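*Asks:* Listed below, chain by chain, are the residues.
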Amino acid sequence: MAEPINSWPSGRSKLMSAREAVNRFVNDGDTIYSGFNIISFALTDEIIRQGKQHLKAVAGSVTPNVTMMSIAGSVDRIETGYLSGTLRSKPFQEMMRDGRVKWNDYTNMTITLRLMAGGLGMPFICANSFLGTDYLLEETMNHSRSLKEDRRREDGSIAPPYAVIDSPFDGRKALLYPALKPDVAIVHCQRADEEGNVQVWGPRADTKWGLWSSRNVLVTAEEIVPRSVISTEPHFTVVPGFKVSAVIHDPWGAHPGGLLGHYRADRAWGELTGASMTDWNSARKYLDDWVYGTEERAAYIAQYRERFGDEMLEALRVKDFMVPEQPAKYGWR
Amino acid sequence: MAEPINSWPSGRSKLMSAREAVNRFVNDGDTIYSGFNIISFALTDEIIRQGKQHLKAVAGSVTPNVTMMSIAGSVDRIETGYLSGTLRSKPFQEMMRDGRVKWNDYTNMTITLRLMAGGLGMPFICANSFLGTDYLLEETMNHSRSLKEDRRREDGSIAPPYAVIDSPFDGRKALLYPALKPDVAIVHCQRADEEGNVQVWGPRADTKWGLWSSRNVLVTAEEIVPRSVISTEPHFTVVPGFKVSAVIHDPWGAHPGGLLGHYRADRAWGELTGASMTDWNSARKYLDDWVYGTEERAAYIAQYRERFGDEMLEALRVKDFMVPEQPAKYGWR
Amino acid sequence: MMIVATARQVRDGESTIVGMGPPLLSAALAKYHHAPNMWYCTESGPLDWIPTSRDLPAPLGIADHSLVQGSAMSGDMVDALGAFVNGGWAQSAVLQAAQIDRFGNLNTMLAGTFEDPIRRLPGTGGNADIGASVGRVISTMPLEKRRFKERADFRTTAGYIDGPGGRGEAGLAPQGPNTCATTMCVFGFDTEDGGVTGSCEMVLEQLFPGVALEEVQAIVPWDLKVSSELSYMDPPTAEELTLVRHLDDGGNHLIPGRY
Amino acid sequence: MMIVATARQVRDGESTIVGMGPPLLSAALAKYHHAPNMWYCTESGPLDWIPTSRDLPAPLGIADHSLVQGSAMSGDMVDALGAFVNGGWAQSAVLQAAQIDRFGNLNTMLAGTFEDPIRRLPGTGGNADIGASVGRVISTMPLEKRRFKERADFRTTAGYIDGPGGRGEAGLAPQGPNTCATTMCVFGFDTEDGGVTGSCEMVLEQLFPGVALEEVQAIVPWDLKVSSELSYMDPPTAEELTLVRHLDDGGNHLIPGRY
Numbered sequence: 004m005a006e007p008i009n010s011w012p013s014g015r016s017k018l019m020s021a022r023e024a025v026n027r028f029v030n031d032g033d034t035i036y037s038g039f040n041i042i043s044f045a046l047t048d049e050i051i052r053q054g055k056q057h058l059k060a061v062a063g064s065v066t067p068n069v070t071m072m073s074i075a076g077s078v079d080r081i082e083t084g085y086l087s088g089t090l091r092s093k094p095f096q097e098m099m100r101d102g103r104v105k106w107n108d109y110t111n112m113t114i115t116l117r118l119m120a121g122g123l124g125m126p127f128i129c130a131n132s133f134l135g136t137d138y139l140l141e142e143t144m145n146h147s148r149s150l151k152e153d154r155r156r157e158d159g160s161i162a163p164p165y166a167v168i169d170s171p172f173d174g175r176k177a178l179l180y181p182a183l184k185p186d187v188a189i190v191h192c193q194r195a196d197e198e199g200n201v202q203v204w205g206p207r208a209d210t211k212w213g214l215w216s217s218r219n220v221l222v223t224a225e226e227i228v229p230r231s232v233i234s235t236e237p238h239f240t241v242v243p244g245f246k247v248s249a250v251i252h253d254p255w256g257a258h259p260g261g262l263l264g265h266y267r268a269d270r271a272w273g274e275l276t277g278a279s280m281t282d283w284n285s286a287r288k289y290l291d292d293w294v295y296g297t298e299e300r301a302a303y304i305a306q307y308r309e310r311f312g313d314e315m316l317e318a319l320r321v322k323d324f325m326v327p328e329q330p331a332k333y334g335w336r
Numbered sequence: 004m005a006e007p008i009n010s011w012p013s014g015r016s017k018l019m020s021a022r023e024a025v026n027r028f029v030n031d032g033d034t035i036y037s038g039f040n041i042i043s044f045a046l047t048d049e050i051i052r053q054g055k056q057h058l059k060a061v062a063g064s065v066t067p068n069v070t071m072m073s074i075a076g077s078v079d080r081i082e083t084g085y086l087s088g089t090l091r092s093k094p095f096q097e098m099m100r101d102g103r104v105k106w107n108d109y110t111n112m113t114i115t116l117r118l119m120a121g122g123l124g125m126p127f128i129c130a131n132s133f134l135g136t137d138y139l140l141e142e143t144m145n146h147s148r149s150l151k152e153d154r155r156r157e158d159g160s161i162a163p164p165y166a167v168i169d170s171p172f173d174g175r176k177a178l179l180y181p182a183l184k185p186d187v188a189i190v191h192c193q194r195a196d197e198e199g200n201v202q203v204w205g206p207r208a209d210t211k212w213g214l215w216s217s218r219n220v221l222v223t224a225e226e227i228v229p230r231s232v233i234s235t236e237p238h239f240t241v242v243p244g245f246k247v248s249a250v251i252h253d254p255w256g257a258h259p260g261g262l263l264g265h266y267r268a269d270r271a272w273g274e275l276t277g278a279s280m281t282d283w284n285s286a287r288k289y290l291d292d293w294v295y296g297t298e299e300r301a302a303y304i305a306q307y308r309e310r311f312g313d314e315m316l317e318a319l320r321v322k323d324f325m326v327p328e329q330p331a332k333y334g335w336r
Numbered sequence: 133m134m135i136v137a138t139a140r141q142v143r144d145g146e147s148t149i150v151g152m153g154p155p156l157l158s159a160a161l162a163k164y165h166h167a168p169n170m171w172y173c174t175e176s177g178p179l180d181w182i183p184t185s186r187d188l189p190a191p192l193g194i195a196d197h198s199l200v201q202g203s204a205m206s207g208d209m210v211d212a213l214g215a216f217v218n219g220g221w222a223q224s225a226v227l228q229a230a231q232i233d234r235f236g237n238l239n240t241m242l243a244g245t246f247e248d249p250i251r252r253l254p255g256t257g258g259n260a261d262i263g264a265s266v267g268r269v270i271s272t273m274p275l276e277k278r279r280f281k282e283r284a285d286f287r288t289t290a291g292y293i294d295g296p297g298g299r300g301e302a303g304l305a306p307q308g309p310n311t312c313a314t315t316m317c318v319f320g321f322d323t324e325d326g327g328v329t330g331s332c333e334m335v336l337e338q339l340f341p342g343v344a345l346e347e348v349q350a351i352v353p354w355d356l357k358v359s360s361e362l363s364y365m366d367p368p369t370a371e372e373l374t375l376v377r378h379l380d381d382g383g384n385h386l387i388p389g390r391y
Numbered sequence: 133m134m135i136v137a138t139a140r141q142v143r144d145g146e147s148t149i150v151g152m153g154p155p156l157l158s159a160a161l162a163k164y165h166h167a168p169n170m171w172y173c174t175e176s177g178p179l180d181w182i183p184t185s186r187d188l189p190a191p192l193g194i195a196d197h198s199l200v201q202g203s204a205m206s207g208d209m210v211d212a213l214g215a216f217v218n219g220g221w222a223q224s225a226v227l228q229a230a231q232i233d234r235f236g237n238l239n240t241m242l243a244g245t246f247e248d249p250i251r252r253l254p255g256t257g258g259n260a261d262i263g264a265s266v267g268r269v270i271s272t273m274p275l276e277k278r279r280f281k282e283r284a285d286f287r288t289t290a291g292y293i294d295g296p297g298g299r300g301e302a303g304l305a306p307q308g309p310n311t312c313a314t315t316m317c318v319f320g321f322d323t324e325d326g327g328v329t330g331s332c333e334m335v336l337e338q339l340f341p342g343v344a345l346e347e348v349q350a351i352v353p354w355d356l357k358v359s360s361e362l363s364y365m366d367p368p369t370a371e372e373l374t375l376v377r378h379l380d381d382g383g384n385h386l387i388p389g390r391y
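Residue numbers (this note's numbering), protein chains in the order written: chain A, 4 to 336; chain B, 4 to 336; chain C, 133 to 391; chain D, 133 to 391.
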């Protein structure tokens with residue numbers, strides 16, 4: 004299972020711009036872990052700006068950033084348990100009907116476990132989730148817009164997206180799902196240091212295994228902190244520096260999504276951007292204005308401030324913090 | 004995979020004495036997750052005092068407490084990756100040779116993964132670890148002191164301790180290990196609340212999955228804290244209250260082992276107790292004096308203070324604490 | 133009414149996995165009202181949420197930041213759907229779905245057929261994971277013709293599958309009675325012992341005040357079983373109604389005509 | 133000398149999983165001396181340990197509390213052995229073992245045969261997990277007759293198994309060159325490309341100062357390959373020796389005659 008380690012820049016610093024990171028580490032055709040809970044809209048926008056193509060998006064649930072990447076022509080394949088924004092977006096529904104977007108379905112848990120299996124170097128992992136459902140029907144597994152080509156084996160045959168075997172231990176049915184090993188992960192996090200030690204807290208969903216399973220990890224961080232901040236709270240680290248290819252300092256990188264401890268989701272703006280994905284014209288207008296029309300996250304935020312006023316943005320900032328009643332004691336001598 | 008939930012006392016409090024906990028929740032013949040990193044010597048001693056028999060001890064590595072339980076006649080079966088104390092203890096070597104103690108071998112990782120599989124409701128899990136080794140030889144898997152009877156299937160045949168199959172996805176060899184679901188887990192932790200929310204920090208080894216996979220979880224806690232202490236640092240919780248059967252307030256419950264943030268391992272005393280396990284006479288003398296001769300952890304500690312002086316014990320206390328340089332911000336509005 | 137009817141199915145002392153949408157509100161209502169000791173858990177990781185103040189609204193999503201404050205454990209999806217649900221520790225679940233069928237199978241996948249869908253729905257999320265492992269699934273959805281089908285257009289989440297013995301044959305554990313709470317009535321399932329005997333069919337158990345049996349029968353497309361103890365649900369109390377409105381701060385959950 | 137010889141095999145910039153015993157000291161020496169940017173990780177969970185002060189001794193165990201202070205990540209065994217090692221992110225490993233054989237297989241299981249053991253050893257710990265997945269395994273043990281065998285009494289940890297192609301046949305990835313550092317010399321392995329070609333046999337590469345080739349040959353029981361570039365190892369520097377003694381505070385690692 005040992006695979007070549009991703010090479011990192013000389014020295015330990017991986018600090019760079021989103022532009023450089025996407026340029027160096029995202030290739031056409033890549034499978035991309037695109038986040039579930041804390042989304043890097045900063046990196047999403049950059050992928051669209053650089054016109055990356057034929058990406059496959061994977062995550063427990065894929066979120067509005069995937070709808071956006073699909074409409075912009077960057078994502079044409081999806082493996083997930085939940086498609087947020089499907090119902091409202093006519094362009095997205097259209098692409099799923101006519102086969103411009105292909106997919107196979109999983110669940111929140113099975114995608115998470117498939118990422119975990121990829122991260123742990125396992126070929127597959129077990130879960131009951133689809134026993135007794137229509138997912139196991141041949142016409143579901145290999146429907147006309149399914150990812151058959153992605154599952155082609157060396158001998159030309161097509162591997163199934165999930166398979167039932169008899170357990171060699173107790174003979175009972177076991178349903179297996181293949182490991183997922185994305186080429187690249189994009190996420191936003193509360194903080195990281197220059198070396199790429201990434202810290203996330205709050206509901207983590209599939210973040211940790213999305214990062215461990217991906218060959219290249221690109222992270223936008225709300226704050227870049229010294230190593231000593233990381234190592235005095237080492238329990239918040241989800242992946243250590245050697246696992247990370249690029250660290251980008253992009254405050255508000257999750258906007259219009261929220262970031263625990265920093266800002267609430269911008270629900271009004273999220274509604275608006277979501278609404279603009281409902282048809283092709285408004286979607287293109289949004290992309291022109293807010294993605295192609297801005298050069299980086301800082302420019303996007305500047306434009307937001309300019310159009311709506313600082314107050315609109317600042318009103319999202321979290322002001323009320325939870326304080327540990329009795330901080331855990333770390334000490335050994 | 005849904006199994007009956009362990010019944011808990013009415014109300015949410017699970018606070019009780021070690022005596023009550025072991026009496027209610029440990030049965031002869033049980034498989035017991037006995038800890039790897041933070042050992043509950045308090046519960047170990049109580050199990051020996053109550054004369055529990057035919058227990059099977061499992062953990063990534065089993066530690067001196069298992070040697071002790073074996074010599075005392077409580078443990079006669081072991082599944083682990085590492086037997087600490089094997090080399091020095093003649094009684095233990097003797098019992099392994101003459102079949103009084105039976106075992107199958109795994110590794111630190113595969114036991115941890117087997118516990119994880121048990122905790123996640125999976126029948127088995129994959130790992131390469133034994134490919135190309137003598138563990139896969141028939142004479143190793145079913146050696147004369149191996150746990151064949153524990154692996155007997157309903158139809159009378161013997162299931163293997165690990166099995167190689169061809170992956171239904173890519174056809175490559177995959178080595179499977181069966182899930183482990185202990186009947187009971189015993190561990191010590193830094194703190195818990197009355198409801199059984201257990202918090203552990205520092206190197207956790209296999210603790211989390213040992214607790215999730217076990218039907219009954221018995222925890223001795225260095226400190227019993229209010230719920231609000233738990234919920235203002237919810238990231239330290241390894242299992243929530245509904246997963247726990249008994250919480251015991253037993254300060255110094257890990258002694259002579261150490262507890263991060265509270266006390267260092269008592270290396271001198273650990274050496275002495277380890278040395279007393281080297282032959283039957285000194286082992287029995289130790290058990291009479293320190294296990295059967297004390298009624299509970301508090302009595303053990305009182306006896307220690309009496310014999311060696313308060314200073315010996317107090318010298319182990321941790322005095323030097325690490326302070327978060329920039330505490331993680333939890334806040335959402 | 134649907135929110136209240138669903139909440140009343142949530143029992144005190146039970147560990148519960150709460151799904152997206154109206155279930156978040158129903159379970160919060162139960163927690164504030166009659167089930168203070170239920171364990172309120174969502175799939176993104178927060179386990180045992182106890183709101184730190186009665187002023188707090190219900191969470192808006194399964195990863196709502198408000199769930200962090202007051203939770204006993206902040207884990208991830210492996211902990212919540214893997215260890216808690218698949219590991220067999222969730223005693224009940226509250227889920228929404230687009231369709232339900234005669235044997236309690238849920239559909240959150242599509243309307244129509246796979247190759248010619250009327251509409252592609254978002255997918256199962258955690259519902260299939262939960263349906264496979266949780267004994268007591270409480271589903272909730274408006275009582276509408278397109279939602280109640282003799283066979284779901286697509287079975288995303290196993291109920292009793294094709295009837296008695298269906299779960300065992302599929303490789304799943306039998307499960308306890310399910311419930312489906314709607315905008316007009318509450319259904320149970322005819323299976324005393326969890327899918328082994330009994331018809332495993334949906335059974336009408338409670339009508340909302342003012343709803344006639346025939347109205348329900350007109351919507352449900354198969355020959356609906358009716359409980360011999362069919363009763364009218366007690367109307368929501370003033371306390372329940374006040375709590376629901378308070379918990380739905382901002383009106384995000386209570387979409388007109390759909391609760 | 134063995135400690136120093138082992139430390140010299142640890143490269144700067146490499147992510148390394150460090151095993152129990154002397155490896156903890158050797159890797160700490162490397163970290164302090166020539167490899168400040170190696171990632172020092174142990175299997176119980178601490179990843180990327182950077183001692184907060186040069187006064188600190190080497191950790192005494194893989195879960196030593198001193199590893200918490202200064203580590204970038206405090207995970208568990210799933211993170212360390214699972215994600216880091218089995219996931220393919222550990223570039224090298226430093227391990228102790230009781231026996232090694234001609235093809236670099238390690239034994240930490242027993243001396244003698246399974247049914248009639250001379251001694252039951254503690255078992256593999258994480259060694260088998262590491263041997264299956266890590267490319268560059270640096271093992272370390274005293275050069276003694278009972279430890280060097282043509283075939284290990286029990287193969288707990290896959291080296292090149294039976295020789296060229298052995299790993300591929302077993303279902304493992306081929307691996308890079310191993311190293312074995314002893315109390316008298318350093319061995320490499322005859323496999324340029326990681327177990328595909330070459331004899332995959334142990335090759336004597338460096339002798340400690342004052343050790344004669346014949347002394348080594350007298351201990352190793354098979355016809356030992358000797359590198360055409362056989363050299364004498366540079367003696368430990370004053371700095372290395374000072375560091376070792378400082379790091380072995382309390383004398384727990386340096387057992388007379390076994391380093």
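Just so you know, not all the hints are guaranteed correct.
The calculated lysine-lysine pairs, modelled on BS3-like cross-linking and capped at a C-alpha distance of 25 Å, are [as the list claims (entries may be wrong)]:
(1) K176/A - K322/B
(2) K151/A - K176/B
(3) K332/A - K322/B
(4) K277/D - K357/D
Label pairs and their calculated CB-CB ranges [as the list claims (entries may be wrong)]:
(5) N26/A - K176/B: 53 to 63 Å
(6) S285/A - R186/C: 52 to 62 Å
(7) S16/A - I182/C: 51 to 61 Å
(8) V326/B - I182/C: 45 to 55 Å
(9) K176/B - R251/D: 30 to 40 Å
(10) R336/A - N284/B: 32 to 42 Å
Coverage of chain A stretches by chain B, computed from C-beta distances (three or more under 8 Å per stretch; other residues unrestricted) [stated by the list, open to error]:
(11) 77 to 90
(12) 116 to 126
(13) 129 to 137
(14) 166 to 176
(15) 214 to 223
(16) 288 to 300
(17) 323 to 335
No lab work stands behind these hints: they were computed from the structure.
Bear in mind the structure is a predicted one, so any value in this text is a computation, not a measurement.
Even for Gly, the Cβ is constructed at its ideal location relative to N, Cα and C.
*Asks:* Now look at each hint and say whether the structure bears it out.
*Replies:* Verification of the supplied hints:
no.: 1; hint: K176/A - K322/B; in the structure: 54 Å, violated
no.: 2; hint: K151/A - K176/B; in the structure: 23 Å, holds
no.: 3; hint: K332/A - K322/B; in the structure: 10 Å, holds
no.: 4; hint: K277/D - K357/D; in the structure: 17 Å, holds
no.: 5; hint: N26/A - K176/B: 53 to 63 Å; in the structure: 39 Å, violated
no.: 6; hint: S285/A - R186/C: 52 to 62 Å; in the structure: 41 Å, violated
no.: 7; hint: S16/A - I182/C: 51 to 61 Å; in the structure: 43 Å, violated
no.: 8; hint: V326/B - I182/C: 45 to 55 Å; in the structure: 29 Å, violated
no.: 9; hint: K176/B - R251/D: 30 to 40 Å; in the structure: 32 Å, holds
no.: 10; hint: R336/A - N284/B: 32 to 42 Å; in the structure: 36 Å, holds
no.: 11; hint: 77 to 90; in the structure: violated (count 0)
no.: 12; hint: 116 to 126; in the structure: holds (count 6)
no.: 13; hint: 129 to 137; in the structure: holds (count 3)
no.: 14; hint: 166 to 176; in the structure: holds (count 8)
no.: 15; hint: 214 to 223; in the structure: violated (count 0)
no.: 16; hint: 288 to 300; in the structure: violated (count 0)
no.: 17; hint: 323 to 335; in the structure: holds (count 13)
In this structure, the earlier hints numbered 1, 5, 6, 7, 8, 11, 15, 16 are contradicted, and the remaining ones agree with it.
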